[in-house]
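Trainee: Spelled out from the first residue to the last, the chains are:
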Amino acid sequence: MTALVTVTGAAWSLPDADVDTDIIYPARFLLITEKLGLGRYAFHDRRCDGFALAPGQDSAAPILIAGPNFGCGSSREHAPWALAGLGIRVIVAESFGEIFHSNCFKNGLLPIVLPAERVAVLHAAAQAGCSFHVDLRTRTLAVQGEAPIAFTVPDERREALLNGWNEIARIRAIHAHDIERYEAGQRTAFPWLWQKEPAHG
Amino acid sequence: MLAGRGLRAHRTGNIMTQSAPSGGPRTLYDKLWDAHAIAQGGDGQTLLYIDRHLLHEVSTPQSFAMLREDGLAVHRPATQLAVADHSVPTRHRDQPVADPMAAAQIALLERNCADFAIEYLALAGEGQGIVHVISPEQGFTLPGITLVCGDSHTSTHGAFGALAFGVGASECGIVMATQALWQERARRMRVTFTGALSPGVSAKDMALAFIGTVGAAGAAGYAVEFAGEAVRALSMEGRMTLCNMVIEAGSRTGLVAPDETTFAYLHGRPRAPQGPAWDAAVTYWRTLPSDADAVFDAEVTIDASEIAPQITYGTSPGQVMRVDGIVPGAGVAKALAYMGLAAGAQIAGLAIDHVFIGSCTNGRIEDLRAAAAVARRGQVAPGVRALVVPGSMAVKRQAEAEGLDAVFFAAGFEWREPGCSLCVAMNDDRLPAGARCASTSNRNFEGRQGPGARTHLMSPAMAAAAALAGRIVDVRTLA
Ligand code: SF4
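Line by line, the protein sequences are chains A and B. Here my numbering is used: the first sequence runs in plain steps of one and ends on residue 248. Here my numbering is used: the second sequence runs in plain steps of one and ends on residue 856.
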C-alpha cells in the first residue's frame, strides 16, 4: 500500500448528503477486473450532467471535502480505487459509509471525520480555492493561513498508512500462532465447521 | 405509530469505546463476537476469525491478484464458496455469455477458483444463483459462524444468527490468505417489532419501515438485532429480507436469534451438519440468543400492526413512505427532481413502465409465491415490461414445480434465469433514462437500474400489483 504522511494542495467540494458508491463508481464499470486507471469513471454519470467537483480549475486536488454519509451503499472497492485514480488522498466528511471508510484505509486513502460545522467551513475554503495541508503524523488539517484542526484516527490504521504496511504480511507475521491456536480450539469445540477439512490443516 | 424510542437519548452518549461486559449478560452479537476474537489491537480493534467466505465475480478479481502478487495460497479453501451472479445474463444461458467483458469476468472467477482450489458453482449448474440466496439454501450459512463476502448485502445471513457482514475486495484477499480480519466492535441496537403484520404487508415493508424510522445512516455503527413477535413469526425467507436491508440504514450487520424456524429450515440441507454433528450444533445454537437482561446501546420499537405497504419515493432507501400517503417535500428537492415527482402529490396512481421482481432481497420462493398470488388476478398492463428473475436455480426449479412460472407467463410476465439482473443492471437487463420501475430490490440510488432510470422499492406483492395496474397501487385495494 502507498504510504501517506502529509498531503498538500487544493480541495474538491462535494457537499451533497448520502453520495453512494453507485454515484462514485457506476455499477456497469464493475465489469473491469483491474484496480488501476479507474479515475476516469469516478462520478461518471454526474459528470455527464455537467457536474463538476468544484473548484474545477484544479483537476489535481488531492483532498475531497464531502457531505454526510459519504460512500454509503455498495461495498465496491472500485469507489476508493477510482478516487485514488483521480489523485485524491484525503476525504473529509461528517460521516462515512462504514465499508467505504474501511476500504479507504486499505488503499492509502485517509478518511477524516469532523463535526458538521467544521466541514461546512472547509467546504467554503475549498470553493474559495484555498490550499490545504494534512499531516497524519500530528493528526492535523490546516487551511492556508488558519490554525490547524486536530482529527482522530485509530492508532493501528494511522501506523499502517504512515508506513504503507501490507496487512496480510503483518497478520501472518504477528498472529500466525494466534490463528493456529484458535483453529485447534474450534476443531474441538465446533467440529461441524471442519467436516470437509483434511485432518491436519 | 412508528416510534424510535430511546434511539436519540442513547446515541448522544459516549458509547464508541464501550467494551463488552465480561461475565455479565450478553447480546447475540456479543456472543458471536467473543467466540471469534483471536487477538486484541491497541486501538480497540479485534482480530476476528472468519469461518466462511462467499465469492462472486465482481468483488474478487483484485483479491486474487493480491494473493498472486505475494505468492500466497488460500489458507482454508474448504471455507470458501464461489458463484457468478452480478454480471450473468438472465436469458440464453445455453449459449456463451454475449458481453465480452462479463464473459471474461466470469471466466476469471472460474480460473481463479481452479488455481486456488476453491469450489465454484458453475453458471450452467443447478447450484447457481445470487450468492446470498444460494449460501443459505446449501446450508453453507449456519448459526454461530462469522461469514463475509465482498458485498454489502452479506448482512442477509444474519437472519440465521450468524455474524455476517460485507467487506471490500482487499478484505476478501486478507480473509483468503489468513482467515482473519481486523474489525471494530459495533454498538448494539435492538429493533423490536411488536404485534402482527396486517394482510398485504410483508417483511419487505418491515425493512422499509425500519429504514424510514431511523434514516439512511441511522443505524451506522450499530449491529442491529431484530426481535419481537412479528419477527419470530417470519419465515427464514422473511428474516433474510429484513436483515438484507440493514445496510440501507447504514449498518453492516443484521441479526435474528436462531430458533426452531431456523433449525427446521437448515435440517437436511446439503452442507449443514448431519447426524450427531447436527445435534451438537443445535445444542450450541440454542445458547446464542441474547440473554434476557442483556443491554442494548439503542432500542427502537415499531408496531408491526400499524405498518402499511411501503414504497420509496426518492433516491435513498430512507426516502420511503406509505403507499397511501403524500410525497413529502422538505429537504428532498434534488431527489424529487431526479424522480420526476412533485411534493404533495399522491404516490398511488403514478404510472410505471417497468417491473422487476427478484434480487437477494426478494428473489426467494416465498417472494415469488406472493407475487404470483397477485399475478393470478389479471394481466400485465399494456406498455409495461415485467421481469421475474428467480434468486437461484433452486428457487426457479421450486417455482416451476409449483406452476408459478406458468402463472407469470399467462399474466404476461417474463420468466428469466437466476442472477442479480435489474437490481444492479450490470448485465443486459438495463432500463433506459426516464423509465420508472416498480422494483423488489434494495437500492433506489440514482442510475442503479440504468443511467437516468427511476426506481421505486416495494414488496413483491406491491410490484406485481403495479404490473397489473400499470401504476403504483396499494395491493390491499387492487380490484
Ligand atoms: S441482488 Fe442486488 S443487492 Fe443482491 S447481491 Fe445482487 S446486486 Fe447485490
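These are computed hints drawn from the structure, not numbers from a lab. These numbers were taken from a predicted model, which means no experiment stands behind them. Worth double-checking, as some hints may not be accurate.
To be verified - Below, a list of computed lysine-lysine pairs in the DSBU-like style, where the Cα atoms sit at most 35 Å apart:
(1) A:Lys82 / B:Lys711
(2) A:Lys243 / A:Lys82
(3) B:Lys711 / A:Lys243
To be verified - Simulated restraints on C-beta separations:
(4) A:Cys177 / B:Arg853: 21 to 29 Å
(5) B:Thr571 / A:Ala163: 31 to 39 Å
(6) B:Ala491 / A:Gln233: 25 to 33 Å
(7) B:Ser612 / A:Val160: 35 to 43 Å
(8) A:Arg165 / B:Gly421: 18 to 26 Å
(9) A:Gln233 / B:Gly421: 23 to 31 Å
(10) B:Ala484 / A:Ala220: 28 to 36 Å
(11) B:Ala573 / A:Gln233: 52 to 60 Å
(12) B:Gly760 / A:Arg87: 32 to 40 Å
(13) B:Ala810 / A:Cys177: 36 to 44 Å
Said to hold, decoys possible - A short list of chain B residues far from chain A (calculated; beta carbon distances all over 12 Å):
(14) Leu425
(15) Asp492
(16) Gly598
(17) Ser628
(18) Ala771
Backbone N, C-alpha and C fix where the C-beta goes; we use that ideal spot for every residue, glycine too.
Trainee: Next step is simple, just say for each hint if it's right about the structure.
Mentor: Hint check results:
no.	hint	verdict
1	A:Lys82 / B:Lys711	holds, 31 Å
2	A:Lys243 / A:Lys82	holds, 34 Å
3	B:Lys711 / A:Lys243	violated, 52 Å
4	A:Cys177 / B:Arg853: 21 to 29 Å	violated, 56 Å
5	B:Thr571 / A:Ala163: 31 to 39 Å	holds, 34 Å
6	B:Ala491 / A:Gln233: 25 to 33 Å	holds, 28 Å
7	B:Ser612 / A:Val160: 35 to 43 Å	holds, 39 Å
8	A:Arg165 / B:Gly421: 18 to 26 Å	holds, 23 Å
9	A:Gln233 / B:Gly421: 23 to 31 Å	holds, 24 Å
10	B:Ala484 / A:Ala220: 28 to 36 Å	holds, 34 Å
11	B:Ala573 / A:Gln233: 52 to 60 Å	violated, 40 Å
12	B:Gly760 / A:Arg87: 32 to 40 Å	holds, 37 Å
13	B:Ala810 / A:Cys177: 36 to 44 Å	holds, 37 Å
14	Leu425	violated, 10 Å
15	Asp492	holds, 15 Å
16	Gly598	violated, 7 Å
17	Ser628	violated, 8 Å
18	Ala771	holds, 20 Å
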